[in-house]
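Visitor: Residue-level listing of the chains:
Protein chains: 2
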Amino acid sequence: MPQLDFFYFIGSTYTYLSVMRIDEVARRAGVTVNWRPFNGRGVMTEHPFHGKPVKCAYMWRDVERRATRLGIGWNGVPPYPIERPNLPNRIAVAAAREGWAPEYSKAAYRAWFSAHKNLEDEKALSEVLASIGKDPAAVIALANSEDIRQLFASETEAARMLGIFGAPTFAVGKEIFWGDDRMEEAIEWATRETQEKSQ
Amino acid sequence: MPQLDFFYFIGSTYTYLSVMRIDEVARRAGVTVNWRPFNGRGVMTEHPFHGKPVKCAYMWRDVERRATRLGIGWNGVPPYPIERPNLPNRIAVAAAREGWAPEYSKAAYRAWFSAHKNLEDEKALSEVLASIGKDPAAVIALANSEDIRQLFASETEAARMLGIFGAPTFAVGKEIFWGDDRMEEAIEWATRETQEKSQ
Numbered sequence: 000m001p002q003l004d005f006f007y008f009i010g011s012t013y014t015y016l017s018v019m020r021i022d023e024v025a026r027r028a029g030v031t032v033n034w035r036p037f038n039g040r041g042v043m044t045e046h047p048f049h050g051k052p053v054k055c056a057y058m059w060r061d062v063e064r065r066a067t068r069l070g071i072g073w074n075g076v077p078p079y080p081i082e083r084p085n086l087p088n089r090i091a092v093a094a095a096r097e098g099w100a101p102e103y104s105k106a107a108y109r110a111w112f113s114a115h116k117n118l119e120d121e122k123a124l125s126e127v128l129a130s131i132g133k134d135p136a137a138v139i140a141l142a143n144s145e146d147i148r149q150l151f152a153s154e155t156e157a158a159r160m161l162g163i164f165g166a167p168t169f170a171v172g173k174e175i176f177w178g179d180d181r182m183e184e185a186i187e188w189a190t191r192e193t194q195e196k197s198q
Numbered sequence: 000m001p002q003l004d005f006f007y008f009i010g011s012t013y014t015y016l017s018v019m020r021i022d023e024v025a026r027r028a029g030v031t032v033n034w035r036p037f038n039g040r041g042v043m044t045e046h047p048f049h050g051k052p053v054k055c056a057y058m059w060r061d062v063e064r065r066a067t068r069l070g071i072g073w074n075g076v077p078p079y080p081i082e083r084p085n086l087p088n089r090i091a092v093a094a095a096r097e098g099w100a101p102e103y104s105k106a107a108y109r110a111w112f113s114a115h116k117n118l119e120d121e122k123a124l125s126e127v128l129a130s131i132g133k134d135p136a137a138v139i140a141l142a143n144s145e146d147i148r149q150l151f152a153s154e155t156e157a158a159r160m161l162g163i164f165g166a167p168t169f170a171v172g173k174e175i176f177w178g179d180d181r182m183e184e185a186i187e188w189a190t191r192e193t194q195e196k197s198q
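These protein sequence lines map, in sequence, to chains L and Z. Residue 102 in numbering that gives the first Met the number 0 sits at position 103 of the first sequence; the count goes up by one each step and never skips. Residue 60 in numbering that gives the first Met the number 0 sits at position 61 of the second sequence; the count goes up by one each step and never skips.
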């Protein structure tokens, strides 16, 4: 089965579009997605929008149009930026290790984009976790463990070694595709690679 | 007939993809394209690739993949950046005023991307102009005139007023779409706007 690595970062705005639709797009194409949360800020060579109001205004309009076009919910501009994104992302790392990253990541983005919750807030994160049937205190303790901190760092280093500089990025082996708008191209690539190997 | 303003800048790498395919994509959709060359560097809030080797390497790989996927020629990375892009762009402004911007812009990008000519070079530009049946000396004199310099500046200001910060950008009235990957979305928008007005 073709494989795709989905490198994402809770805090990235365009990642909202990818988190909400990648399962369905990949399922239709018969591609398995490996959800790999990483520290997107840790690999950025620049902040894409900070101090750039014109570009930032465009980004929100673009996300709005694309969310609408792709049939994903849109409820106006949510709280932004997430100043301290490490905890929600370490929870994603713990979730990925245990196999429930898609469920958690979608619930977190819905809380952020639809309910306008601030994901810096442990209470908001606890509500997200409870909504998908997890024990908030246990998960947050795990997300704060040395194990998960190290896994978050090593996944970020893996992303950097692939030449990743932003989120979301889709990787098929060493071939990387940056941005939600490259999802379909990455999925096609994964499918073709597998066909060529099996010939 | 639906209208689309195509703001482009000879010097932008992704603009290659748009220049080579917009006529065909727009024709199929029944949309009229207004070719509007402007000073892309003049509106940029940052250089997207200068001093960012990882992002720059990705950009070239991405352009290569997309050129291949879209059926546009690819002959390896061309000379980059164009340090002094004003003359080739002022020629485009003159060409747009006279109605031959598509022909010239495609020939200029082919010279740059396929033949690896340096478009800073007046000799290379003269060859481009001769290849499309224009008198190089007369066109270059026109491109250096005060008239065309002013038109270049006012088109750049028009782009800035629309909130444009990079090239290529497609505009449908005040709605802007940045990047070759948004071409289809912009064309759809133009078509829908016209349908709504006629209802």
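Treat the hints with care, since some could be wrong.
[Unchecked claim] Taking beta-carbon pairs under 8 Å as the criterion, some of the chain L residues facing chain Z (in silico):
id, residue
1, E23
2, V24
3, G41
4, T44
5, Y57
6, R68
7, W73
8, A114
9, K116
10, E183
11, E184
[What the hints assert, rightly or not] Straight-line C-alpha distance at most 27 Å; calculated DSS-like pairs for lysine-lysine:
id, chain 1, residue 1, chain 2, residue 2
12, L, K54, Z, K116
13, Z, K116, Z, K105
14, Z, K196, L, K51
15, L, K51, Z, K105
16, Z, K51, L, K54
17, Z, K54, L, K54
18, L, K173, Z, K116
19, Z, K196, Z, K173
20, Z, K51, L, K173
21, Z, K51, L, K51
Just so you know, the hints here were simulated from the structure itself, not pulled from any lab data. Beta carbons: idealized from backbone N, C-alpha and C, even for Gly.
Visitor: For every hint, state whether the structure bears it out.
Guide: Here is what the structure says about each hint:
1. Hint status for E23/L: violated, given a least beta-carbon distance of 20 Å to chain Z, over 8 Å.
2. Annotation: interface hint on V24/L violated; nearest CB of chain Z at approximately 16 Å, more than 8 Å.
3. With its C-beta approaching chain Z no nearer than about 13 Å, G41/L sits outside the 8 Å limit, and its interface hint is violated.
4. Contact between T44/L and chain Z, as hinted, is supported at the beta carbon level, the nearest pair being about 5 Å apart and thus within 8 Å.
5. The criterion of a C-beta within 8 Å of any C-beta in chain Z is met by Y57/L, whose closest approach is roughly 6 Å, and the hint holds.
6. Contact between R68/L and chain Z, as hinted, is supported at the beta carbon level, the nearest pair being about 7 Å apart and thus within 8 Å.
7. Of the supplied interface hints, the one on W73/L is violated, with its beta-carbon coming no nearer than about 15 Å to a beta-carbon of chain Z, more than 8 Å.
8. Checking A114/L against chain Z: minimum C-beta separation of about 28 Å lies over 8 Å; hint violated.
9. With a least beta-carbon distance of about 29 Å to chain Z, the hint placing K116/L at the interface is violated under the 8 Å criterion.
10. Annotation: E183/L was flagged as interfacial toward chain Z, and the flag is violated, the nearest CB pair being 10 Å apart, outside 8 Å.
11. Of the supplied interface hints, the one on E184/L holds, with its beta-carbon coming within about 7 Å of a beta-carbon of chain Z, less than 8 Å.
12. Distance restraint check for K54/L and K116/Z: the Cα-Cα separation of roughly 32 Å exceeds the 27 Å cut-off, and the hinted pair is therefore not satisfied.
13. A threshold of 27 Å between alpha carbons decides the hint, and for K116/Z with K105/Z the separation of about 14 Å falls inside it, so the pair holds.
14. For the proposed pair K196/Z and K51/L, the alpha carbon gap of about 34 Å is over 27 Å, so the pair is violated.
15. Proximity of K51/L to K105/Z is assessed by CA-CA distance (about 32 Å); at most 27 Å being required, the pair is judged violated.
16. For the proposed pair K51/Z and K54/L, the alpha carbon gap of about 19 Å is at most 27 Å, so the pair holds.
17. Taking the CA atoms of K54/Z and K54/L, the gap is near 18 Å; set against the 27 Å cutoff, the hint holds.
18. Proximity of K173/L to K116/Z is assessed by CA-CA distance (about 31 Å); at most 27 Å being required, the pair is judged violated.
19. Pair hint K196/Z plus K173/Z holds up; C-alpha atoms about 15 Å apart against a cutoff of 27 Å.
20. The hinted pair formed by K51/Z and K173/L meets the criterion: a straight-line CA distance of about 19 Å does not exceed 27 Å.
21. Taking the CA atoms of K51/Z and K51/L, the gap is near 18 Å; set against the 27 Å cutoff, the hint holds.
Comparing the model with each earlier hint shows violations of hints 1, 2, 3, 7, 8, 9, 10, 12, 14, 15, 18; every other hint is respected.
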